[in-house]
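Visitor: Here is how the chains run, residue by residue.
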Amino acid sequence: MVTTAATSRRRSHRLPYLLVLPAVLLFLLFVLAPGVYALVLSFQARKVTGGLLGSTSKVVYAGLDNYRSVLGDSALWTSTLRMVAVGAIVIPVTVGLALLFALLLDTPRARLVRFSRLSIFLPYAVPGVIATLLWGFMYLPATSPIGGHYVDFFGSTQVFFSVANICVWGGVGFNMVVIFTALRALPPEIYEAARIDGASETQIALRIKVPMVLPAVAMCTLFTVLAALQLFNEPNTLKPLSNAISSDWVPLMKIYTDAFVNADIYHAAATSIVFAAGVLIVSFAAARMVQSRADLAGKGE
Amino acid sequence: MMTAVTAAGSIGRTGASRSGRRRRVALLPTVALVVGALYCIVPTLWILIASTKSPAELFSTETYLPSFSGGLAGNVRDLSSYGGGVYWHWMLNSFLYATIGGLAASTVSACAGYAIAKYAFRGRKLLFNAILAGVLLPQIVLAIPQYLLLSKVGLNDSYASIILPQLFNPYGIYLCRIYAAASVPDSVLEAGRMDGASEFRLFRSVGLRLMGPGLVTVFLLQFIVIWNNFLLPFVMVTSDDKFPLTVGLYSMLRHGADEAALYSLVITGTLLSVIPVIALFLSLQRYWRIDLVTGALK
Amino acid sequence: MKASHAGFTGVMLAGVLLAAGCGGSESGSTAPAPASGASSAAAGPVNLTFWDWDPNMDKVVALWNDAHPDIHVTLANPAGGDQLVSKMITAHQAKNGPDIAKVEYQSLPALVSGGVVRDITDLTKDTVTKFDDVTLKSTRFEGKVYGIPQDFAPLMLFYRTDVFKKYGIDVPTTWDEYAKAAADLHKKAPKVYMTNFDAGDPGWFTGLVQQAGADWWTTSGTSWHVDINGAPSKKVADYWENLVKSGIVQKNPSFSPQWNKQMNDGTLATWISGAWAPAQLGGIAPATKGKWAVAPLPAWTAGDPTTGIWGGSATTVTTDSKHPAEAAQFAAWLNTDDAAVSAQIENINVYPASTSGRSLPPLKSAPPFLPNQADYYDVVGKAAPSARAFSMWGPNVTVTFSSYTDAFGAALQSGTPFSGALDKMQDATVADMKKLGFSLS
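Protein chains in written order, with our numbering: chain A, 1 to 301; chain B, 302 to 599; chain C, 600 to 1040.
One chain only, chain A, in its complex shape (with noise of 0.2 Å):
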């Protein structure tokens, strides 16, 4: 077929519109309208009328109330901190070891690195539900072989860290990848000088190799922080376990709760629509630092 300059100058023009539609229509169905209506829900609420048992209920236009009593619902802002104080402890942790290991896998004469790269990323393939059911067996007392008889990790402080554990088990073999992988990228003759001046391994390590792969720690810093903020099927997973974790541990488990258990829609839409304001807020602000951090280091290159 012949096509003439003309047709296909129009053509160029309709193309990137067709190839964003799946794209558009997609975010429309899926994003866009469960969170208007979400929106919707957030404003109305059940109430029954007549009879003991009240079935003819009907919803009824609630205004602000589910907001208010979001807001003012101190267990939600416990339920809160202790997702932060989790991720206190996932984020660093994750981070810094994924860092240890790919710069450990990138040292010269280190052994078993094949075997070691391998296991630390095996975790990345198992479900998060899967992950906290293995951990669930290895932390009780009856079945642990990690000496749950001697540590109660189901204790009231312990238990931040046994979730974080689970966590940090699925995140760092992912982002130990992707760090080393940026290790693999840099051109080898930047270390030679600092070789032949006599630098150890360590100091290469830490004054060259840490400063060059510093966009994509974070990077990963970013995808674990975004993980850290959606924390819900560990805790989740963990709760009939033992008496520590309660059905409003993090604020994903207390929407779910409130949605799935108590069936109050309309409340967990607001406390969704409340968590999602929150979650966008952090996000572009750790976003925006990542991209900082990535330009200071951009420089520095």
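Don't read these hints as lab results, they were simulated from the structure.
Treat the numbers as computed from the prediction; the structure is a model and nothing was measured.
Positions of the beta carbon are idealized from the N, C-alpha and C atoms, including for glycine.
Hints are not guaranteed to be accurate.
Which chain C residues face chain B? A few, computed with CB under 7 Å, are given here [unchecked claim]:
#1 Pro856
#2 Lys860
#3 Asn863
#4 Gly865
#5 Thr866
#6 Pro885
#7 Gly889
#8 Ala892
Since chain A is already given, all that's left is putting chains B and C on it; use the hints.
Guide: Below, chains B and C alone, put in the same frame as chain A:
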């Protein structure tokens, strides 16, 4: 811990003797790596041991010791007959969801990422920001309204209800955009245009081909996301023959009030569910282009 | 390929937006549509969906399907217990619940209140005569029947005969004796505990307070009175707090791997549980077959046979069902037909709710896991008439129950008083009922 040290030590010695002139193996880093590796595989090893125990042995024998009384075969048999073989159905479902969802999501992402990277069109900036915001929204916030909306069009409890909401993958689009920008040179596209190729043909035969390796990574990332997803299928489907593995195993654990959980079966099921993903990753290992993830910031 | 995909999503988008536009204003359907079998009689075989989490229920449903080619029942097991209630409520919001569902007694008022479960009074006039009033009380509110009782589970004391014998413990008949036995046992064998206080499952605690005479919800006219932290409940809470504080009772939740292990290895010497326990013990502690025996629940005053109830379920018909008459017919068959009930006793180990069901031949022999106790069903049968339930379950039991898990879990974790946990439950329950608009007195 002890074994880690001795193992590393012995390897150190053989290493030294083999490469006469060179200095000794970096002992400390190797030990640290092995400790890390053990940390990551010990739970998996434990489950391997636990799955060899019959239900009667699981809570009555020494935790560390595997059983050789044929418990594993018995567990696999019980698991296969549980609910008329529904476990294997779950595994098949997980594969279907993750494969179809992964392929479709990478296609959608590739199209959108390429367009955003290679064309200046109206709404581009807005679109990209909306996509970025999409990365940040927790899934649970959308799960309930998604369920209610999909139910209204009669798609609840269907395969589509699990796959469709996961096709929009903001992170995938983001990566594809970066990858298209980096791997598809404008000069090649210009040359193609000179030769009279249509834009669509350029996308298909130049763009997609050059983005290929990156797309495998986008696919694998999305495959894992869907494979590991619990909440969405838990909310969406009610028929146990549509469960993926995550929901199925969870339902076996919390089978019903006042009812014993099927721990032996859950443990065996967990073990069997981890194996195929590991196999998949090992076989696709060389197609992993993680530098794409890192390059994203450049 | 691409175009058709886009077209498909486009149609979807339009559909969803349309649906979203007109939805969201109503929910909680009102009085059930007039039930008539006529609507479906002409349209060939009727298909019904049945949500139930009983293992082996498929065998019982197969019996029905073989005998009723015109009404086909499809069994699904989306979740168990309280999780199924959540699923039913969510499904009802989207108007696509099942036709028939198994519902635990305590959840039934909530589902009636949510408009999920249908009033089947007119469809079950003959069926209800096959149950005694104690049983029927759990499914009949304000004279309307909302479900057919499936099983009945008086609270019993299960104990390890071998452990009791080894340490010379007599079977306690009062709670005083139980506490003394607990102390005695733990002293003789420091690694053995009488039982565990379960903060994970509210069902057994409510059974205990029922025995003590508590009535968490009472009604007068159309208003409710909530009394979760009243004297009888506090008596039970204080009793257990004392045992926990003395360190003679474990405090981890039941049904966890930890608990399974303790049930297996003899760490726990008794289990206060419903009549369904023998079936569960096989899965929980397979190594202890033949080592358990049953006795009546210890009494607060010697000789008082009153006990409580843990669990028990009804078969309900939903408001979403388009074939309520057929669904009610199935529910009646499942719980009153001799063959169906016998099959449930044999395959699911239920203790039947129907009066006639309690004298069926399968109940003449010991349950498989307790071969040593041939009179098992006699003991249970004697306890059943003295079982005391709340006069009614509240319309928001899920809130009360999740509050139980949180409040008692926290009390055990931090050593705060159990009575404070009851106060928290009272507050949470009242606040939720007020929010929903129930009138309280």
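Visitor: Go through the hint on Lys860/C and say holds or violated, using the shortest Cβ distance to chain B against 7 Å.
Guide: This hint holds: Lys860/C lies near chain B, its Cβ roughly 4 Å from the closest one there, short of 7 Å.
Visitor: Under 7 Å is the threshold here; is the Cβ of Pro885/C close enough to any Cβ of chain B for the hint to stand?
Guide: At about 4 Å, which falls below the 7 Å cut-off, the nearest Cβ of chain B leaves the hint on Pro885/C intact, so it holds.
Visitor: Under the criterion of a CB-CB separation shorter than 7 Å, is Gly865/C in contact with chain B as hinted?
Guide: Status violated, d = 10 Å.
Visitor: Does the nearest C-beta of chain B fall within a distance shorter than 7 Å of the C-beta of Gly889/C?
Guide: Violated, because the Cβ-Cβ distance from Gly889/C to chain B comes to roughly 13 Å (cut-off 7 Å).
Visitor: May I ask you to test the interface hint for Ala892/C with respect to chain B, counting a Cβ-Cβ separation under 7 Å as satisfied?
Guide: 19 Å, violated
Visitor: With a cut-off of 7 Å, does the beta carbon of Thr866/C approach a beta carbon of chain B closely enough for the hint to hold?
Guide: Because about 10 Å separates Thr866/C from the closest Cβ in chain B, which is outside the 7 Å limit, the hint is violated.
Visitor: Is the interface hint for Pro856/C satisfied, with its Cβ closer than 7 Å to some Cβ of chain B?
Guide: Hint on Pro856/C: holds, closest Cβ of chain B at ~6 Å, below 7 Å.
Visitor: Going by Cβ atoms only, is Asn863/C closer than 7 Å to chain B?
Guide: 4 Å, holds
In this structure, the earlier hints numbered 4, 5, 7 and 8 are contradicted, and the remaining ones agree with it.
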